[in-house]
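Number of protein chains: 2
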Amino acid sequence: MQYRRSLLFLLCALCLHLVKAQVPLPSNQPNEVQRRLIERGYGMFIHFGPNTFLQQEWSDGTAPASVYAPTALDCDQWVRVAKEAGFRYVLLVTKHHDGFCLWDSKWTDYDVASSPEPTDVVRAVSDACRKYGLQFAVYYSLWDRHEPTYREKDFGKYIEYMERQLTELMTQYGEVCELWLDGAWDKPVDDWQIPRLYKLVRRLQPYCAIGVNHTVAGVESHKSYQWGDLVLPDSCNRDNRYYLRFFPSDFRLWDPMIAPLYDKKQYLHNGESYYQPFEHTICLSKSWNWFQKDKPMPVRDLDELEELFYWTTSNDNTLVIDLAPDRTGRIRPHEVDRIVELRQRLGIEYGKPLPRRRDDIVSIGARAEASSVYPSNDGNYTSRYAVDGGMQTRWASSDGDLTPWLSLDFGQEKTFDKFVIFEYQDQHQGDDGFSNIRTGRIQQYTLDIWQDGQWIPIYVGDETIGDCKVIRLPHSYLSSRVRLRVLRATLPPSIYELLVINES
Amino acid sequence: MQYRRSLLFLLCALCLHLVKAQVPLPSNQPNEVQRRLIERGYGMFIHFGPNTFLQQEWSDGTAPASVYAPTALDCDQWVRVAKEAGFRYVLLVTKHHDGFCLWDSKWTDYDVASSPEPTDVVRAVSDACRKYGLQFAVYYSLWDRHEPTYREKDFGKYIEYMERQLTELMTQYGEVCELWLDGAWDKPVDDWQIPRLYKLVRRLQPYCAIGVNHTVAGVESHKSYQWGDLVLPDSCNRDNRYYLRFFPSDFRLWDPMIAPLYDKKQYLHNGESYYQPFEHTICLSKSWNWFQKDKPMPVRDLDELEELFYWTTSNDNTLVIDLAPDRTGRIRPHEVDRIVELRQRLGIEYGKPLPRRRDDIVSIGARAEASSVYPSNDGNYTSRYAVDGGMQTRWASSDGDLTPWLSLDFGQEKTFDKFVIFEYQDQHQGDDGFSNIRTGRIQQYTLDIWQDGQWIPIYVGDETIGDCKVIRLPHSYLSSRVRLRVLRATLPPSIYELLVINES
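Top to bottom, those sequences are chains A and B. Everything in the first sequence is counted per the working numbering, starting at 1 for the first residue and increasing by one. Everything in the second sequence is counted per the working numbering, starting at 1 for the first residue and increasing by one.
Identical copies look the same in the list; a pair holds intra-copy or inter-copy alike.
Taking lysine-lysine pairs in the DSS-like style, the calculated list, with each CA pair at most 27 Å apart, reads:
1. Lys83 / Lys418
2. Lys153 / Lys106
3. Lys295 / Lys418
These aren't lab readings, by the way, just hints derived from the structure by calculation.
Construct all of the structure, not just a fragment, from the sequences and the given hints.
And the structure:
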């Protein structure tokens, strides 16, 4: 009897274990698949394909395969750069919305094999990953603007097409650590049959972390895909009342948003709460061009990249940075240089955990006051948003206030030696039709501390703040209050986040 | 007989030695006074006085002494900051053009003793210099807009006034390492009786280096003071055909110009050639406000200061940086921070020689070509000026050319890992009536290298270049040609100097 009971328990435990390996269970801790994802933490994202040659971001799948024509394709270089840059994995766009496949797929002719450069890029990259000791990850677009079955009445045929392609990707190229599914917005949620795809991939690649873009919604319905149901990563954090739109999944995506600093990672499905880390996706380029274009474009500042790295990876979330090869089939030198500089700055080393934020952010939750607030019914631009640890919410001054101030009261004296300002940028599309040109508003400003009953400027800036400006002071200051005072601006300023940090 | 001859020789040698100590002799080497000046190399310039309180740069000497009213004068702080910043000497403006004296002079009532804050600032600063182990230097304006004798028919009376004041300054405050005479443009050169002043000071302070602003001219006449006779520090370098307007003097001044990198230091007087090092005078402030004003103003970038330090001190010339106390009588925290950061960056240590440029500039003298040149009869804007090691000459593109390029051919392959761009800035006066607002023209650009028969961008920038932009690459490049290519500009760009450097 005792023996039978033990056996039964053992069988149950084994079942549970198998189930656990199959789908995520309700939890407030990472499972094994998620633990590995968090440990990887930092990957290179690669967008390459017809868009690279069409001077577009999203081509529509009608261009012939012959447009794909790299002149000196060098996939080994991509992964060599990834290694030199300290990335732990390479996430390759194997098929974008245009439907063009970067491997020789049996199930379509719209692929590299039909192009002037038939190299199987998925093979070349996955081989190079093994060569350089990196993990290999796959991006695959659900939405397909080329494949004929996609437009048939019976959508099941396209689901089968995807199953066949995902089987190729999951069986022919060794271990795949991650699958990134994109483009679901083109159909109602349930049409995609995510449980079926998840199950297939989980069977073929037991430790592959699977995520679907726009994972989370503010309502429970899965029938339709309403953009309005989307909730931003910040709002997700406030309490546990948001839903997994796609289930099962192992991690959250909301490309290219940034999750809050203190991300709770708990989301509901059928009344249960699931742990879901967030994968951040950013471009190295300032212009948010995922695919490389003719004209070389500026890359993000080193300071900004450093801050984003710590923000996005130091709270059990992950970061992939997109470096897109150009038409020759190589990553451009100025992009290589910047990402290698970032590794040098961060001191990433293989065989060691990723560097974590070691400094102390003293501004989060401070009492924030401002000279003015842009009026809105729901208080969307109040000063506290500048110190809430969230990158989607922001303080904005009122229309007439071009020289506003924003003050933080810590409630007690704090030591600090660094400020980080994330300023809202006006955006417009470049002449090229794709690049996102971002322009700040603040032209001159001071950072002040409260001392002996008055505000004393400790920094005066007239440089562009841009998306992110880091000010390191050569020694520590001690004060209970700090203030950002704008002296000149082109439009009423707005601040996503003002971090006051103690680094030493 | 032999004995007499030896004695005669000894007497002659002694005479020569004494003369040598009195006035500079024709030479192509520094004498003892100059050797000490060069060794000091790096000083803090302090402008403080009525202008600090009048929101002006040059007040006219009519304001009552009572306007001078610091609320918390702390001269010890000035010198403490100088020490912390690694300066070797403090150059104090003891009397500016307004005639107000920062010490209690017996010969005028227009001084601190007649003001609400009677502290003898010259004493306080010179005492603090001794306390902190720094040398003490004096700036004194020849031009005096207050002193009645200045306007008398017999100018000899004012010369006597100056002699009396210089005697006070040179006898009451211990050792004075330098005397900086300014404002001579208000009278014909010979009126100032520089030989007489020089002799007096040399007698009282045997090792005091004496300089007069606008030391050098393109013509030999000393009768008048024509601005048109001035020659810029760069032109001085081309050959030995320029003249000492003021003689004797121990060093050259041309505030606030910058001497060329390879400065020859040879100038003519009465047919003989003299060695004359150059003292550079720059403001820490970007706005070129020598006196501090109400509104705190931005300071120069750390990178720019580092480059200027090496440019100005590493060729046996010297640099003083102006940090002006504010109305309280203290140097502002944001200025203290920047100058201390500079010391940290440079690694200045007392008891060791000043840090010298250790890197190798590979661009000087390269063959420079440009897409266009701004037309002028004397070829004043040709591309070679961007690589001549001079900061007054510049290349400029033609009016219609908003996207010019400037290429350098080294003639052979060179290794480099750093670029420094000094861009011409448009200047306009700020609303405050004094600050000099400087705006660059280049908005986006690439740095390219020549490789396998084509130009490859290795850096893409869309940040402001400002007076000086430093681009450090994370590794070395090897190429025989480099190019600056402007992608977007508000006006036709112009470059003072494009340095290509091998740092590693």
